[in-house]
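*Asks:* This is what each chain is made of:
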Amino acid sequence: MSDKTQTPVSRSWLFRAWDSDVAYSFRTSPVAIVAGFVALAIILLAILAPWIAPHNPYDPSTLNLMDGFTPPMEPNAFTGNVYWLGTDNQGRDIFSTLLYGARISLFVGFAAVLFAMVLGIAAGLAAGYRGGWVDSLLMRVADVQLSFPSILIALLIFGVARGFIPPAHRETMAIWVLIVAIGLSDWVQYARVVRGATMVEKNKEYVQAARVIGAHPLKILVRHILPNVMGPVLVIATIGLALAIIAEATLSFLGVGVPPTQPSLGTLIRIGQQYLFSGEWWILLFPSITLLALALAVNLLGDWLRDALNPRLR
Amino acid sequence: MLAFIIRRVLQSVLVMLVVALVSFSLFRFVGDPISSMVGQEASIADREALRDALGLNDPFLMQFIRFVGDAIQGNFGISYRLQQPVMELILSRLPATIELALVSGVMAFIFGVGFGVYTALRRKGWVSNTIMTVSLIGVSLPTFLIGVLLIWVFAVELQWLPSFGRGDVVDLGWWRTGFLTHSGRLSLILPAITLGLYQMTLIMRLVRAEMMEVLRTDYIKFARARGLTNRAVHFGHALKNTLVPVITITGLQLGSIIAFAIITETVFQWPGVGALFINSVRFVDVPVMAAYLMLIALIFVVINLIVDLLYYVVDPRLRVDRAKTRH
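Residue numbers (my numbering), protein chains in the order written: chain A, 5 to 318; chain B, 56 to 382.
Check each hint, because a few of them may be wrong.
[As the list claims (entries may be wrong)] The calculated label-pair distances, taken between Cβ atoms and stated as ranges, are:
1) A:Q149 to B:L57: 45 to 53 angstroms
2) A:P263 to B:L213: 29 to 37 angstroms
3) B:V182 to A:D25: 58 to 66 angstroms
4) A:Q149 to B:A264: 36 to 44 angstroms
5) B:T185 to A:G200: 35 to 43 angstroms
6) B:V77 to A:Y279: 33 to 41 angstroms
7) A:Q278 to B:I61: 30 to 38 angstroms
8) B:M117 to A:V226: 23 to 31 angstroms
[Stated by the list, open to error] Stretch by stretch, here's where chain A covers chain B in the computed footprint (C-beta under 8 angstroms, at least three residues):
9) 162 to 171
10) 234 to 244
11) 271 to 281
12) 313 to 323
Everything labelled a hint here was simulated from the structure, so no lab data went into it.
Remember, predicted model here, so these are calculated numbers, not experimental data.
Note that CB positions come from ideal geometry on N, CA and C, so glycine has one too.
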């Protein structure tokens, strides 16, 4: 204890991060380590997809239709090519489409969570700090939205937005519409938590002190209150990431998500389902496992983070 | 009490009006209804005449009022894609969805309460651990993936159960039921499991948590001190008191079952309302989208209203500031 307080400056931030309570709880939780490792591995593979993947699934000129339906680890009957995880109906290497698919799923997931987070935090700060009609309006909207399942709201927003976009742009805009739809369906959680925390924080001495100095309300909110309400927000964001990935996969599976030319994990499962009855199980199995591993790992990380950041459980 | 009911009903009406406004905006702003009604040969003058005749040049508010009036009478126009009255389409598909939702809801409730009680009473055993682990996977697995995997195992590999459709159906008046035939009942199994699994895990975790909470209370200790059998303590006293929140949550979940039916119906090609809606989103079939939106909103609003009022009746502690602290 005394050691640490005497030499705070010479310690690097890396050491302080390693030495923190959260990091300690991570090191001592096998579940969190495994989940973190799986999530990190999938994220890294997805980011590095263009350099790792043996084929580029977006480039039709590299595909050979004769390679279609090659089982995993077996040479193709016509071409003799061997693929780790086999190929799909168009001869696309499953391993490569998986990497690129995970890339899209993760991109949509992260972007949707970021969008929902920014929107929710802004609404929550405004409602909690201002109170009055801003608060009651935002919370009524939140109440109404919370009584509907978020997947339904995402579907509706997606459907409405598609109607507004001219048909020529629907394919290219689909991914952005998807992000907005999933983000809008999920902002309420953040808004509620931030609002509650803000109402507690705004009466504390440090906020009053900042107000007495004459700091701008916006500055008080962003510099003083926001850092103190971020803990629970990060927990929701982690679990929200798993939910967003699942929502994206669900919408894509239903055929209303990303276009088939840029398959995400959900689209791949959709394609795989069509070939289940003719015995090509690998087209379905590998995307399903990837999606499950990703969702489960992120969920477990979220659970762990919630316990780690909860002072009552220490 | 009366003031609360009136406020709550007014709130519900307001929600319905907002949803109606969204549905109506769909008609107004998504595509041109005239061009989806007439052929390419129609002249501009003809189009304008039709526009006038249909009242599309009236002020926004007038049209909105007319839309709400029509909606109350169940008139949502004609589907762009199927060229049939929307209400007819929805009514003909509603029984399929309701039967599916009902079976999976009942299943989720029975198994959820059963597993929940079991895992609360025997916390250490390997059966409980297995159930808890499986339930964690059940929560993480997306609904559609559960459906696809069930099809793979039970329809493709084992070939025990059909993988799509409703099997043979019997018409009871306008209600088309699958309960009365063997193939109808068989086809119901996989979709019902798919739809109910998530709700089951939810109910199970809730019952388990509530049950463990209740088992620690004084009146349970007192009941044991009186020398009652385990059976009487667990089921007569503990379970009874856990069921109030469970029933309300289950009620609220009915709405989500209907919403998640969209996914299940797509996976199993179940001819219900959800599948109709997904196709309308895919083909931008505005009248069907609008009608489905209103229907779902109505179901949700009514369920929420009933649950809120029931809460109010059942639990006197909540009567003070019920409206403020929902969820």
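*Asks:* Taking 8 angstroms as the C-beta cutoff, is the stated coverage of the region 271 to 281 of chain B by chain A satisfied by three or more residues?
*Replies:* Our answer is that it is violated, as 0 residues pass the Cβ test (under 8 angstroms) against chain A, missing three.
*Asks:* Between Q149 (chain A) and A264 (chain B), does the beta-carbon spacing fit 36 to 44 angstroms?
*Replies:* Cβ of Q149 (chain A) to Cβ of A264 (chain B): about 26 angstroms, so the range 36 to 44 angstroms is violated.
*Asks:* Would you say the C-beta atoms of M117 (chain B) and V226 (chain A) sit inside 23 to 31 angstroms of each other?
*Replies:* Given range 23 to 31 angstroms: violated, Cβ gap about 46 angstroms.
*Asks:* How does the coverage statement for the region 162 to 171 of chain B fare against chain A, requiring three or more residues with Cβ below 8 angstroms from a Cβ of that chain?
*Replies:* violated (count 0)
*Asks:* Could you see if the CB distance from Q278 (chain A) to I61 (chain B) stays within 30 to 38 angstroms?
*Replies:* 53 angstroms, violated
*Asks:* Confirm or reject the claim that V77 (chain B) and Y279 (chain A) have a C-beta distance inside 33 to 41 angstroms.
*Replies:* At roughly 39 angstroms between Cβ atoms, Y279 (chain A) and V77 (chain B) fall inside 33 to 41 angstroms, so the hint holds.
*Asks:* Okay, P263 (chain A) versus L213 (chain B) on CB: inside 29 to 37 angstroms?
*Replies:* 35 angstroms, holds
*Asks:* Taking the beta carbons of V182 (chain B) and D25 (chain A), is their distance inside 58 to 66 angstroms?
*Replies:* Because 35 angstroms falls outside the window, the suggested range is violated.
*Asks:* Between the region 234 to 244 of chain B and chain A, are there enough contacts, at least three residues with CB-CB distance under 8 angstroms, for the coverage claim to hold?
*Replies:* violated (count 0)
*Asks:* Tell me if the beta carbons of T185 (chain B) and G200 (chain A) are separated by a distance inside 35 to 43 angstroms.
*Replies:* Given range 35 to 43 angstroms: holds, Cβ gap about 37 angstroms.
*Asks:* State, for the Cβ atoms of Q149 (chain A) and L57 (chain B), whether the hinted interval 45 to 53 angstroms holds or is violated.
*Replies:* The hinted range 45 to 53 angstroms is violated for Q149 (chain A) and L57 (chain B), with Cβ atoms some 28 angstroms apart.
*Asks:* If you count the residues of the region 313 to 323 of chain B with a beta-carbon closer than 8 angstroms to a beta-carbon of chain A, do you get 3 or more?
*Replies:* holds (count 6)
In the structure shown, a violation is registered for the earlier hints numbered 1, 3, 4, 7, 8, 9, 10, 11, in ascending order.
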